[in-house]
Amino acid sequence: MKLGVCYYPEHWPKARWVQDAQQMREIGIEYVRVGEFSWSRLEPAPGELDWSWLDESLAVLHQHGLKVVLGTPTPTPPKWLVDQHPDMLAKDENGNVRGFGSRRHYTFASTSYRTEVDRIVTLMAQRYGEHPAVYAWQTDNEYGCHDTILSYADADLIAFRIWLKEKYGSISELNTAWGNVFWSMEYRSFDEIELPNLTVTEANPIHRLDFQRCCSDQVVAYNKLQTEILRKFSPDRDLIHNYMGFFTAFDHYKVGNDLDIASWDTYPLGFLDQEDIYRDDEKQRYMRTGHPDFGAFHHDLYRACGKGRLWIMEQQPGPVNWAPHNPAPANGAVRLWTWEAFSHGAEVVSYFRWRQAPFAQEQMHAGLLRTDGEYAEAAFEAKQVSSDVEQLAHQLDLSVDDLMALPSKGQVALVFDYDSCWTFDIQPQSNAYRYMSWFYRCYEAIRKLGLSIDIVSPQSEFEGYEMLVLPAQANIDQEMLLRLQAFEGRILFGPRSGSKTSDYRIPDNLAPGKVQALVDVVVERVDALPKHTQLNVYGSWGRGAIQNWHEQLKAEPKERPQEVLLKTDNGTPVLVKQLNSYYLGSCVDDGLLEQIFSRLAQSSGLTTNFLPEGIRVRDRGPIRFAFNYGNETREITFSGYEKLLGSNALGQCDLSIWRATS
Amino acid sequence: MKLGVCYYPEHWPKARWVQDAQQMREIGIEYVRVGEFSWSRLEPAPGELDWSWLDESLAVLHQHGLKVVLGTPTPTPPKWLVDQHPDMLAKDENGNVRGFGSRRHYTFASTSYRTEVDRIVTLMAQRYGEHPAVYAWQTDNEYGCHDTILSYADADLIAFRIWLKEKYGSISELNTAWGNVFWSMEYRSFDEIELPNLTVTEANPIHRLDFQRCCSDQVVAYNKLQTEILRKFSPDRDLIHNYMGFFTAFDHYKVGNDLDIASWDTYPLGFLDQEDIYRDDEKQRYMRTGHPDFGAFHHDLYRACGKGRLWIMEQQPGPVNWAPHNPAPANGAVRLWTWEAFSHGAEVVSYFRWRQAPFAQEQMHAGLLRTDGEYAEAAFEAKQVSSDVEQLAHQLDLSVDDLMALPSKGQVALVFDYDSCWTFDIQPQSNAYRYMSWFYRCYEAIRKLGLSIDIVSPQSEFEGYEMLVLPAQANIDQEMLLRLQAFEGRILFGPRSGSKTSDYRIPDNLAPGKVQALVDVVVERVDALPKHTQLNVYGSWGRGAIQNWHEQLKAEPKERPQEVLLKTDNGTPVLVKQLNSYYLGSCVDDGLLEQIFSRLAQSSGLTTNFLPEGIRVRDRGPIRFAFNYGNETREITFSGYEKLLGSNALGQCDLSIWRATS
Amino acid sequence: MKLGVCYYPEHWPKARWVQDAQQMREIGIEYVRVGEFSWSRLEPAPGELDWSWLDESLAVLHQHGLKVVLGTPTPTPPKWLVDQHPDMLAKDENGNVRGFGSRRHYTFASTSYRTEVDRIVTLMAQRYGEHPAVYAWQTDNEYGCHDTILSYADADLIAFRIWLKEKYGSISELNTAWGNVFWSMEYRSFDEIELPNLTVTEANPIHRLDFQRCCSDQVVAYNKLQTEILRKFSPDRDLIHNYMGFFTAFDHYKVGNDLDIASWDTYPLGFLDQEDIYRDDEKQRYMRTGHPDFGAFHHDLYRACGKGRLWIMEQQPGPVNWAPHNPAPANGAVRLWTWEAFSHGAEVVSYFRWRQAPFAQEQMHAGLLRTDGEYAEAAFEAKQVSSDVEQLAHQLDLSVDDLMALPSKGQVALVFDYDSCWTFDIQPQSNAYRYMSWFYRCYEAIRKLGLSIDIVSPQSEFEGYEMLVLPAQANIDQEMLLRLQAFEGRILFGPRSGSKTSDYRIPDNLAPGKVQALVDVVVERVDALPKHTQLNVYGSWGRGAIQNWHEQLKAEPKERPQEVLLKTDNGTPVLVKQLNSYYLGSCVDDGLLEQIFSRLAQSSGLTTNFLPEGIRVRDRGPIRFAFNYGNETREITFSGYEKLLGSNALGQCDLSIWRATS
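One line per chain: the protein sequences are A, B and C, in this order. All the letters of the first sequence, read from the start, carry residue numbers 1 to 662 under the UniProt record's numbering. All the letters of the second sequence, read from the start, carry residue numbers 1 to 662 under the UniProt record's numbering. All the letters of the third sequence, read from the start, carry residue numbers 1 to 662 under the UniProt record's numbering.
Since the hints were derived computationally from the structure, they do not count as laboratory data.
It does not matter which identical chain is meant; a pair holds if it fits inside one copy or across any two.
In silico lysine to aspartate or glutamate, EDC-like type, Cα no more than 16 angstroms apart, as pairs:
#1 Lys554 with Glu374
#2 Lys409 with Glu463
#3 Lys531 with Glu282
#4 Lys283 with Glu613
#5 Lys554 with Asp372
#6 Lys232 with Asp260
#7 Lys232 with Asp258
#8 Lys67 with Glu130
#9 Lys307 with Glu461
#10 Lys643 with Asp397
#11 Lys165 with Asp217
#12 Lys531 with Asp589
#13 Lys67 with Asp236
#14 Lys558 with Asp520
All values derive from a computational prediction rather than experimental measurement.
Pulled out of the complex, with its shape left as it was, chain A reads as follows (with noise of 0.2 angstroms):
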């Protein structure tokens, strides 16, 4: 529970580098990052090094006992390296060069740049990687931000020509696989194979797919590239990337399997008026709060790819300047926004940016300080949170590392699957459905009972649970089903699990294929409703609508005994329960939603509670925590738990923290 700050030393005259230092120190920041966009600072010209700057700067810090992040400079490659080789450089889907000029002109499948890449981070290890400064290092920046993960230049052809061979081995075994007999579409050698962009329509979406998963597998090559090198020169330094909102182009996981420590970079204003997956009516409500599930559902997401440890890189301390529009946030967002991050088990959490700065694309980006160099109203939250985890150290008399090591498994797991999501994407079937919408909406729903969730992945083991959801589980291979069928808690399984096999087929069982398994249903015909069509559903658990995905279900009990617990007004089955199993297979309205979750964690023995509006908890061990995002004051206690800080009436962005006293 401790605080960094994202640091441009190279923005600022040398003379005001020890104030800076003395101010971070003032408002209780212990980590710095810095680095990350310097490389031509670091190499004005080819082979051309000046350290003198990051060394100066590094001391400074050093001196005032802050910890620093060092970045590798590879996000911005430098004019005169890019002019090297031009074939380092993305191409955009319609064959466009993506060039210089502003950040993360490069793909991740050239090997010119992976040379560069490998030279500038050996440099820099070697220079730092025992420097009593640093504590960590951040790999690049935000892998895939500006949409950088698809790339058609010639380098991502060959790229995926080896991918595709090294996984298929011989060309028919790939038109196999892929079904290439339709539309003609055989190759008949690896070298045939074109990218899958500007074909006259669709592209196979196994095609797609296999590419998605090889741009994937580029970034998690190039990732580890600098891990190795890193992992060589500065041993016993935490390795990080810092992962973003809502993005979902590789697999995280994967990445994060290189890694110490998985980061992410939280902008909740920015991400709520940006992105589709919020309607209006929520747009207007959380303007200045961001949604009450959007800070959850990533600390929940990227705990799981850092194998538990979770960092917060870049916390957004005002307005931003990349969204639509950019309101300010509420008094006391920012400190309600760095504490739910804790209470998903964050260890830090860093502000970006330390000073505002008055030129260049982010110059509308505030800081903790203004371009002034005077105290920003987020400088103030943030040493509000110092103060806060000070008391709250001293109420439970441990030590702030005690804090941190308090436990962070959540009650509920919930299966967050990138594979699957490419595979919807690529063919939705309806504009209304999208694996991402869906699978946060269930993740509210369940957070909206009160209960503390974990998003695993689909490779982990699922013991330690007494409820498990796979809101959309495409591909369950055999291995995955054991691992299922072992589970000894309730297991829900959400329309469009196992409807599809790894080749991106239907399987010969038709959806949702393994899981028949565990529940006796076959998915007759899938129904993908209009946006505003609903179908009424009800049931002895619940009553409302289907919207968005409609399965017509076919249930039948073989030895089990199975129950239908929802179903449509001509009487075909929506919700199935067999044993311990539930397959749901429609997307219902969210009220229902919530009513479903209820039920099964009550089934399972959880205890549910329906929060007010604006409200939510979150549970470390014995310490709970509640959140106010609404507009509305209430009135928040909890039997059998004491209240260690705040009030029982929650205002706009206000929270409070129990101990369970039992």
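Fit chains B and C to the known structure of chain A by using the hints.
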């Protein structure tokens, strides 16, 4: 009144083929289309032909008494062929190559591709031209699908220059005809002319129109290349192409001249959801049946393109995969659509596809069989149709062939003109006006009166009708005028009729040009209304509102008597009658449009009914068919008719069949 | 107060020319613009000049006493010339060449095209420079039409690098000024700099702003190339260019410096329908008159660009062809628009075009004559204007030249700045904010108070006004500050004033930068509101709502007294007064905006009226003009004025003219 199906034996193990054929017979299927996407299987490598699988498949089908429609495989040339002839690929209007990876990756104008087409079609026709299983041929597949008529590649430029030279002879003729003095667009030779894309602002409309005409003629020539080969090696077989819904980018009458039968591919739900022509309330009301006039309109249009002979080559059997949303049809909808087609003269209705493919682009597109090989819902409806036909034949004491010979001619003729559609799409003058929308609403208004409609080409003879409607015939030349003057029934000209010459000019005598020989009106000014703007209109023929298009008319009767049947609030004429001719100068609301056609039909001696919402009727000689596309059950009877099939109470998707008793 | 027309003799047979000239005289036309699109007729082949037709046409016009404005034919170079110099073509921001086939197919920066321009303009000026028919010259036509200011071709890159080198001298100066340390965007030489398109995400805003400035300067240089030739060979003739509505992509003040008269092309209905600046209710209410401030705003703007001399070169005479919808003007609208222009100081109002062309792109664009050569409605309205002018002159006992000499200066000055417009369009910070929209709403609010407005350049002297408004002056430098401090009237600064330096940076003292020398406020934070979000505001100057843009102000009076006239619900200042200066930190709703300007005008000693909806007023010295753009008839009188023309009851499109009696 026979059934067919589209079948891809190459997708399935040979071991299944016999069972497939048996099941087809079981549900009453007689015709099977095969082969159109199979080039990579027929010629896996350059010059290496493999006919064995097709030989075997045809043998199985023939043994089971099934008649084959053999498709030429030219919509999907294999990758090796594309690599041999990269110049065969189309370019989009931004100049990007439209590459391999899906289908239709060629431009019609490519001479190198035409050489390959000549080769493969010749080989195929030689082998199967006299095969006893082969009943008919389908040339290529869905010309123009995925927006492939207009292409901007080098091959297209070469073809365009040749086409222009042939049309105009000299460049000065072209300059004059095009009005190239405007904006100094004059050329000194045909080699200076470019394609009309990537201009700074819009190109000359006649430049665009001639390019559209040229591209249309390329389709005609491409198709004729195939038909000439097929006529030579496969005499006595019917030649067919399968057209698409709401697709106007080439002149289907001209392509139809070289074929024996016109067929089309009908997807009522996909088109309802996809097309702007339908309002949101229609999209909701008819989401599971399709719009009541969708099938009828196209049946009547393509029967004209087929010179009286019509097939449905692909009939939607369940949810499709390509519309923005893809709901399931209502129970009975597949049967309803099939009978609607028969009532408009379709000889065969063939379903797409036999068995849902579990792989590749269309894996979410339903078939008569599910992916697991079991019957899907549509199979039972198809079987029901087979039994309906038998019942009907029995009741009438006719053979099915006699049934099929019933006349399909309608009572009212509407002139549909591809050239007019292009003309007005190029310069709509108001975003609220589209040729197709206005035409469709005219068709709907007449059909809602219970009338049976023929759509006719502008080159056709108009004799034999009491009532002729030209909703928006852009160019009326002297020859056409003579035919119109010779017509003895009532003629109604809609707005924009006669407003352009064939050179895309305003006629010297202003709009409606040659129509003035029949109705003495002059379009003094066009007042193209913004969306949601209305002008009141009233008169002896009704009351309502002008929408989207308004012409300020001057009505100046010369010798002949004239009557103003509708006028605006300030007295300017809107609908003018002179002898048996009528000129309507504005688009009006649906209710008034129905009123106008009702009056016109009555004046023509036709009996009309204002049918209830969702109900439609079609006659074939003495036999009357009634259909319910709506959600409500309606009591439907006809005096002077006796019922042969169905009940008086028509629920959703029900139909009844009647015979005139007098 | 004279009339003109745009004429294309090359479109019509010579036999018609005399009749054309006679008809022009008949309706009171004195000025005729010819030639600007005729290059292919003047030089049908390279070097083969054909002046004969133009000689003859000028002779006919001259014989009939018509004065010619001769257009240089450079907006439409012929195809052979483009083929000689393919490098002259512009490229769009995707890198696609913008080819031949319409008009404006060149980039201003092309040196090869400038050589050709030099040649043809010299030839033309030599031939017609002293021709007695030639009264004035128009350079080219509508610079920038069809988005042709920014181009991304090689010629543009070369010009940009030269421009930057001239501006910055050394690359390190540029790096510092641009803040290129950000994201390692530093360059080592000017040759490394690219154009700001096709970057991965947005380019540096100063990179974009400097490119816009450079492109603007290319227009200035291109125009100057022509004016220098014309000055040389055609002394004493007025030089004119015709600008466009709502077009800001180059600095019109700078182009105007090399010309004698500013003219513009006014299409009130086309722009109403096309522009986002207008709300849907305005689009409906004014669909046949245009918005009441559309003409006025541009007249005042371009009078400033013309250093006091204003023409209307193209006035809409009926429906146009290029807007999304193209309705007909109300009866009287053409006369209304013409008089509105005269009331703002226009010397000549020239209609576009003489006769509607029956061919090519603009065939649906009305003229004074229809395509058949008969008078269209507008001809009669133009004739009415001629007679109005005579009547007015007679009543005032003045010549028309005396009438034209009436002062056109307004009471209130608004500073319009192209550089500010570019600055805020590059980084709007909220999609709900646009410089032009906000400026236009300020203009409207003041004009609805019955005040006559001057728009002035930021470089102009501000003396002579009681009230000066800077709606959003991005950059205020020391020199400008001195002029503002010297100003003796009231000054109101709108939000974002002073918020950027000329290098696109936030000032060291924060926004409003130099304005702080007049009003002691600091913009602590920008709260860029989402659409449909409002904040309440109230105070001694009114009550209303903040919309679209909100600055959190800190008002810290130092020595000078300060008054907070408006504040938000939580007490932060919104409108602050200090001595005679006012800072308004938010965009407010239209009603409150009108209140604020009413108070400000009263404080400045100006008399204001809240005019009825649709009514507008403009004064020229003692003469007052009143106009009705609304649908309702209004009784309009002015105390202290006597009526010269028109009635008190003003119906739609009516106008009245008054003279001050005291």
